[in-house]
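**Q** Protein sequence lines correspond, in order, to chains F and E. Numbered per my numbering, the first sequence spans residues 1 to 306. Numbered per my numbering, the second sequence spans residues 307 to 705.
Among the clues, some could well be false.
[Unchecked claim] Partner residues aside, some chain F positions facing chain E, computed with beta carbon under 7 Å:
1) GLN9
2) ASN12
3) VAL259
4) SER283
Derived by calculation from the structure, the hints in this document are not laboratory data. This structure is a prediction, so every number in the text was calculated from the model and none was measured. Glycine included, each C-beta is placed from N, C-alpha and C at the ideal position.
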Amino acid sequence: MTFTLFLEQAFNGFQAGITLFLIAAGLTLILGIMDFVFLAHGSQVMIGAYAAASLTALTQNFYLGILFAIPISFFAGYALEYLVIRHLYKRDHMEQVLATFGLILFFNEAIRVGFGPAALHSNLPASLSGFVYILPEIPYPEFRLLVILVGFACAIGIHLLVSRTRLGATVRAGASNAAMTAALGVNITRLRRLVFAIGACFAGVAGMMLGPLTSVEPGMGEPLLILSLVVIIIGGIGSVRGAFIAAIIVGMVDTMGRVMLPVILRSFMEQASADGAGPALASMMVYILMAVVLVFKPTGLFPPNR
Amino acid sequence: MFQKKTGFALLQELDVKKIATIAGFAALLFSNVSLADTVKVGFMTTLSGGAGITGTQMRNGAELAMEHLGGKLGGRDAEVIFVDDQRKPDVAKQLANRLIKSDKVDVVTGVIWSNLMMAIHKQVTRSDTLLISANAGPSPIAGKGCHKNFVSMSWQNDQTPEGMGKYMQDAGIKSVYLMSPNYQAGKDMLAGFKRYYKGEIISEVYTKLGQSDFQAELSALRAAAPPATFVFQPGSMGINFIKQWKQAGMDSVSELYTVFAVDAVTLPALQTAALGALGTQTWSPDLDNPINRKFVAAYKAKHDAYPSFYAAQSYDAMLAIDHAIAQSGSTDAEAMRLVLAKGDIPTTRGLLKMNTNQFPIQNIYLREAVLDDDGVVTTKILSTVFEDHEDSYAKDCRF
Numbered sequence: 001m002t003f004t005l006f007l008e009q010a011f012n013g014f015q016a017g018i019t020l021f022l023i024a025a026g027l028t029l030i031l032g033i034m035d036f037v038f039l040a041h042g043s044q045v046m047i048g049a050y051a052a053a054s055l056t057a058l059t060q061n062f063y064l065g066i067l068f069a070i071p072i073s074f075f076a077g078y079a080l081e082y083l084v085i086r087h088l089y090k091r092d093h094m095e096q097v098l099a100t101f102g103l104i105l106f107f108n109e110a111i112r113v114g115f116g117p118a119a120l121h122s123n124l125p126a127s128l129s130g131f132v133y134i135l136p137e138i139p140y141p142e143f144r145l146l147v148i149l150v151g152f153a154c155a156i157g158i159h160l161l162v163s164r165t166r167l168g169a170t171v172r173a174g175a176s177n178a179a180m181t182a183a184l185g186v187n188i189t190r191l192r193r194l195v196f197a198i199g200a201c202f203a204g205v206a207g208m209m210l211g212p213l214t215s216v217e218p219g220m221g222e223p224l225l226i227l228s229l230v231v232i233i234i235g236g237i238g239s240v241r242g243a244f245i246a247a248i249i250v251g252m253v254d255t256m257g258r259v260m261l262p263v264i265l266r267s268f269m270e271q272a273s274a275d276g277a278g279p280a281l282a283s284m285m286v287y288i289l290m291a292v293v294l295v296f297k298p299t300g301l302f303p304p305n306r
Numbered sequence: 307m308f309q310k311k312t313g314f315a316l317l318q319e320l321d322v323k324k325i326a327t328i329a330g331f332a333a334l335l336f337s338n339v340s341l342a343d344t345v346k347v348g349f350m351t352t353l354s355g356g357a358g359i360t361g362t363q364m365r366n367g368a369e370l371a372m373e374h375l376g377g378k379l380g381g382r383d384a385e386v387i388f389v390d391d392q393r394k395p396d397v398a399k400q401l402a403n404r405l406i407k408s409d410k411v412d413v414v415t416g417v418i419w420s421n422l423m424m425a426i427h428k429q430v431t432r433s434d435t436l437l438i439s440a441n442a443g444p445s446p447i448a449g450k451g452c453h454k455n456f457v458s459m460s461w462q463n464d465q466t467p468e469g470m471g472k473y474m475q476d477a478g479i480k481s482v483y484l485m486s487p488n489y490q491a492g493k494d495m496l497a498g499f500k501r502y503y504k505g506e507i508i509s510e511v512y513t514k515l516g517q518s519d520f521q522a523e524l525s526a527l528r529a530a531a532p533p534a535t536f537v538f539q540p541g542s543m544g545i546n547f548i549k550q551w552k553q554a555g556m557d558s559v560s561e562l563y564t565v566f567a568v569d570a571v572t573l574p575a576l577q578t579a580a581l582g583a584l585g586t587q588t589w590s591p592d593l594d595n596p597i598n599r600k601f602v603a604a605y606k607a608k609h610d611a612y613p614s615f616y617a618a619q620s621y622d623a624m625l626a627i628d629h630a631i632a633q634s635g636s637t638d639a640e641a642m643r644l645v646l647a648k649g650d651i652p653t654t655r656g657l658l659k660m661n662t663n664q665f666p667i668q669n670i671y672l673r674e675a676v677l678d679d680d681g682v683v684t685t686k687i688l689s690t691v692f693e694d695h696e697d698s699y700a701k702d703c704r705f
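Chain E extracted, bound-state conformation:
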């Protein structure tokens, strides 16, 4: 039986799905027009779980940079998409895929963890998207496995502990006990340390990534009674380690030297327990240059706390993207990376030089945990261990 369809029935037949599809297409068309000039940046960091503090610092740093840049990157409207990798490599891979394929970002940046960087490196660089690290600098992608679409705005993992190795070597420390988490960065850190420290290595202990109780390791350390101990324990692992170190009275057994354990992420929880602790770093809140002064003051005003190097490097990564787009006049990955490869990028560490593998050539400072004039714990630069320090993998890198 046939029935003449009324206009209303026709409209009904064009069911919700179809209308939605049509609307979707229309939106896509419109958005493509309006987004053509918008720079899209995917910012991947760890916002949940135990490492959430570091990720929040990174987001704060990036947001502050966007405020200072007036919400624009290279003079163009910009959108920063923050994603939470939960410190899981599989989640990081999925997020990277989403950022590249569905959000179609121009740059992927952030990334705290070296193992996550290793997980997403190929995927992002091979899709002709620029990957700018704001923290992780694993050695495999600095040497033979380097890629022209990867730029580091932080450091190569070995650089910072190399500074500590040199300092301890120069200070005439005869033997040392090493401890670090069992993952890519942990291995890089100890490798970097040993490159410049030539004394006796009493033992090399690898702990679990994310470990919270170090009592067993401290007992073993006490039995070994080394004159000095060098430790890499980032984020909350650093809080746990230094707390337990103090509680076990280890100061009377061994002298503690750290990298990435005493900073503005861990100091608020450690307070005076960390005073006097020595560490090396490429940045410090008291680093004296106009960009850093502005950054630290604005961060303190906004968050009522000192920024950490995580925040500073994220700030720098956004400044670098701004610089690359402004100089090249393009959001093309190749054009942007050619600008960054030239170096002289304005950052909180001054004008940053770039090596041939697109990792920074920079100073390494010795820092001490001190009280500032207001009685707040922070770090102060004691000396410059290395000037314009290059990483040791650049020579193996051919694009």
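Here chain F stands alone, though its shape is the one from the complex:
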């Protein structure tokens, strides 16, 4: 493997990590700050992707589709919190798991009823399907660069929101002591709804970014949910900074593992067994990483200060 290819693969890993972060960011807010186990976060990704794909088809304009899909994702999260989630805060984690797992099934079926079981057509606009040379002789799809930019923008946005704004301060206060914060005159109910909707919105944006890359279909968010849970466990539950760094690490480890492991194994194993063991081992890498992190730092790499 040449050095430039290595760099390119590192860049691929970085981009995969950024996408993961978009999903994990919302989840870490909901899980860590609100102390609520929310498994249907993948459904929010799906809702975002479907909203963007169908609105793009309707308006014949990719950017308009995204523009309208963002508020839809936000209000989907807002409505979900109002209708279902707020009744579950006082329940224990197991009941939250059951209820939100039920939501996954509900959303998948609802999408199937509304849009049919087949994948939606969603493709890139001509203006984004070009290439940029990130290194000499390495063309990189423009859209993937856009994904990285959007990811960065969201990361900075969330960081500023949580650490620099009044809303962020109340969110952090609410997380450490909800009753006391409420007693000081902060509307905790409204605050939670807002945090939840923002989290859902970020997941929706992740779905919009994934739509043109992968197939938009019922259940598209579930595989991502598991990886983003890994991300927030490694990063420390409730820490946005941790989620960002962990997402990049997971993206890197996954990508590099997939590409490098079969090559490394082939150097000292028989071709046939290396071809079998390589991909199998590669798909375990992130979970091995998570296990190692949990052994040495049970609260994750960057546990939020409480």
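Given chain F's structure and the hints, the job is docking chain E onto it.
**A** Showing chain E alone in chain F's frame:
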């Protein structure tokens, strides 16, 4: 202290549980009488999750067959029980157990995934229930591990890529880069391809089953710059792969040849991105025979979309069950399988011949993704790569 029990109290004592049990027994007795002539078919496929599209196509195909057969199989009342395996081998095993032991089905059919077929094969065949594959055709059960209670109405996994291997060999393509998911069918596909392709294999890459992002693999492929690439990526993996292939501008790097990636499951999502893509298949919507014409027309009328080979094979599996019962006059597994083993089964691929391992002997066609007269993307047969192609495992099969 003793009390004389009134009739009412007695009735109360016969509590709800007992009454329910009695009612249950009665129902069982009655149902056994009425079900004696009813054919029961367990149809296992993947209806939820990422592979849900393929499973829905299969169910549509089977339901259409039942409509065309007037709800009967071999002239008898029939019941088709659809179950969702969620693409999980453990779920498939439990469902197979339920279908055999509690639903007492006469035939288990469907099954998209080879790894799931491997998981349920022994369990079903050894219970003297006929297992008819409507898709998966893993190599271990076509050769030494074959069983007389298994019949394939689709293909042996190697057959389709063998067609592509032969085509690429004949086309004089010097070297090729291979990519497929890391599971039983993925290995069979590449093995089949290599059986007929004798040029240089630049690299063999196995991806994760269900993988959605192939950017890293595409980067490696670009660096290797092979003149041709052969890919097996079924269902939504095919959508993801071809989308990303186009977006990465890979067409200028390498020529793409596929099996099970460009079909009526993936084309609605790919649209024009797939135009011109070449693949091999045992069936195509434009295959010209009376059963296929009727099937495709009815499917399009009902679902406003082209059927995929998944739907066609499920349709064929139901026709085969109908044929087996009608010819043998029985729902006994042995009697039915003897009829099917003889071949000449009416299907959307014409009268299907059967090999000694009860896998079809059939043509392999080269198909191209094209626009039809209404501007809808579909596949068209370009040529016949193999006529009456047998799988290469039949010789190892002894019942």
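**Q** Which numbered hints does this structure break?
**A** Violated: none.
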